[in-house]
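Participant: For reference, the chains in residue letters:
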Amino acid sequence: MALRAIRSLWLAGSIILLTGCSGGHKRSPPDAQVIKLWVGPNEAEESFWKVAVAQWNASGQGLPVSFTTIPTSGNSEETVLSALVAQTEPDVSTNIFSGFAMQLANLKQLEPLSSMPGYVDLVERRHMTKLMLNWQMNGNVYAIPLYSNPALIWWRADVLAKYANHQIPRTYEDVYQLSERYAAAEHHYGFRVFAGRSWEDRWFDFIAFYYAASNGRAYIENGKATYDNAAGLKVAVFMDRMYKQGWTAADFDAGDPLVSGMTAGAVHGPWDLGTFQRLYPGTMKNIVIGPIIADMGPEAHRATFADSKGIVIFRSSKVKQEAFAFISWVLGNEQLNLLWLQKTGMMPARDDLLRNPVFTDFFDTHPEARVYATYVDVATPPALNENTIDIQKVMTQELVGPLVYRTKAPQAALDDAAAQTDKILRIHQ
Amino acid sequence: MRESIGRISEVQIGALLALSYLLFSAVFWAYPFIWLTILSFSDWRFFGAPSFSGLHNLLVVLRDPDFWGGLWNVIRFFSIYFPIAFAGSLGFAFGLKHIGHGKAFIALCFLLANISSGVAFSLVFTKLFSSTGPINNFVFSCFGFRIPWMSDPTLAMLAIALVVAWKFIGYYGLIIYSGLQTIPRDLYDAALLDNTPPFKRLLRITLPMINAQLIMVMVFTILVSFGIFTEPYLITGGGPLGRTNTPLMVIYETAFRRLQPGHAAMMSVIVATASYVLIRIARKLMERDVKLA
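Those sequence lines, one after another, are chains A and B.
Under this note's numbering, the residue at position 338 of the first sequence is numbered 338, and the numbers go up by one with no gaps.
Under this note's numbering, the residue at position 207 of the second sequence is numbered 1207, and the numbers go up by one with no gaps.
Since the hints were derived computationally from the structure, they do not count as laboratory data.
No experiment lies behind these values; they were computed from the predicted model shown.
All residues carry an ideal CB built from backbone N, CA and C; glycine is no exception.
There may be inaccurate statements among the hints.
[What the hints assert, rightly or not] Only part of the chain B face toward chain A is listed, based on derived beta-carbon distances under 8 angstroms: (1) Thr1126; (2) Ser1130; (3) Ser1131; (4) Thr1132; (5) Pro1148; (6) Met1150; (7) Ser1151; (8) Asp1186; (9) Tyr1188; (10) Gly1237; (11) Gly1238; (12) Leu1241; (13) Gly1242; (14) Arg1258; (15) Leu1259.
Extracted from the complex, chain A is given alone in its bound form (with noise of 0.2 angstroms):
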């Protein structure tokens, strides 16, 4: 009897299991009657996307709409690349940042959005002309940006009212002076510099920095590494005094440096504006926010890095023109602009945003959000670029490393960061 069940169970077995192996590369039947979204997996983006979509499908302007959040519990690049490799991606997907864009449209597996009909209007009508100028590969343009975040920087109102006399600090000689009083008398640190040790962290330290300080220029030109100037080196020198003098920390992985008060200063994005709300609503109230630091007049509208992500067009897509045309609807519609910002509070990517009166109420009633707004149009998206981990992992290793373990000196640090960055860039053209 054992026996026979031991028996039943093992074919039972290799059957499901031969079963389960089949036909894996095989597509499901194609639905045309639906435009399948994948969208950012979080609560907010969610909330967001269920009412655009309802409004789409009741509004019968085209195919109806089916949206889940991107299934994933670790990173979205790996899940749509899983998909696009087993041949399960949607129509349309979200959550796409520019450098993998670029990987994608060199893989031939988007469409070019330039040249869908509607494209031109879509751009005038959501007033992302400018902003579009950092999307564009090789003439195309893959992916549309949906939202545009500026990384600004908050500070602890309560320390630069004791250390800074209320004002908050635009240069690096008012880091410097409140770094010096704040580390005196509380043995705290006066900024966060080191963003972190993952690649993409150079986004919120570095880069960001190099874009204010050089008025946004692009950190990688024609397959070649462009920081490696009077900008990069004023960056460099900032990040090494504040570590020789023991003014940051080479991390802060222990908390929130701004809730524990551990640091006066950090760069942060608007999303996390409704985080800190949620959180630590003390902290929040407490919190003033200013422009990324640069050796230039206070007054100055100095660029700063845009945290930027984008909608795309999966070539093998059976209903590109639909898709286009429920994409042009969500991203031209001001209302739905409107929705975006209210239920994420991030940046819709467009640059009339502090003059367009739709967007007046919500500003006045959110002076963070409406900081964060006035920097859309200087906030700069990364390089655009296929080996965009490369570049960055090196600059981690050569540049910014070196210079919070204080192993080489700023300009060699540069000198190093660039050199290295051509020669990757060289063996991947």
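Following the hints, complete the assembly by docking chain B onto the known chain A.
Facilitator: Chain B alone, transformed into the frame defined by chain A:
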């Protein structure tokens, strides 16, 4: 004599059960490994059919400083991790042998570390070792300086080795403990009659008699050294300056972030070969066929 129960014999039952494992291995080990080997000599970027590219992937990998840095870091990690894990698990096993009551509870406590989520405890240790974390705040308040756990290349590797050792000491210790249990008491009695000192008993009786378990632990430490990913990925992110980057981290990034699965496959084959060779060498040097006369 072949016993038969019902219509099938015991031999058939054995074959049937073994076949399940063989089938499992064929699907989840052999097939991926064959595919990996093919891929390592192919030009393929996830889409379309792979095309044979000869030694191109090998040449690219040979010029990749990240990968070789990762392999060097394996040696650095092993040289710190092995003594800690080995001494710790020996200590645990000897301690467990001499405990009168509560053995199961103590063993369970150590094993809990082994079954804990790597992600969860990595996050806890990240906060503990942070330059602004509780350990450093305490040190700073007492002595006026902070220990650069994450910013000094050697200390960062030591921090990771301590975390991984904490996870595996209980597991390795139980393996060694099982060996200690099998040593006949008579051997020690005879040694005592000869007035053999304790250290000599350890060297001449205990360690040789648990050679098989020690080799097993050593093989496991080599495999762990080549296979660590979660702890350095989450605790140090490969830093400082790439000094805790591991081959698996480079392979993961190459395959899924640089979108170069062919290069990553070649790296995997090199790592698999290196770990296999190292294990063979270690066994050749250390393994003894211990038999009681």
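Participant: Each hint should be assessed against the structure and marked as holding or not.
Facilitator: Verification of the hints:
no.: 1; hint: Thr1126; result: 5 angstroms, holds
no.: 2; hint: Ser1130; result: 4 angstroms, holds
no.: 3; hint: Ser1131; result: 5 angstroms, holds
no.: 4; hint: Thr1132; result: 5 angstroms, holds
no.: 5; hint: Pro1148; result: 7 angstroms, holds
no.: 6; hint: Met1150; result: 5 angstroms, holds
no.: 7; hint: Ser1151; result: 4 angstroms, holds
no.: 8; hint: Asp1186; result: 40 angstroms, violated
no.: 9; hint: Tyr1188; result: 43 angstroms, violated
no.: 10; hint: Gly1237; result: 3 angstroms, holds
no.: 11; hint: Gly1238; result: 7 angstroms, holds
no.: 12; hint: Leu1241; result: 5 angstroms, holds
no.: 13; hint: Gly1242; result: 5 angstroms, holds
no.: 14; hint: Arg1258; result: 6 angstroms, holds
no.: 15; hint: Leu1259; result: 5 angstroms, holds
Going through the hint list in order, the structure does not satisfy hints 8, 9.
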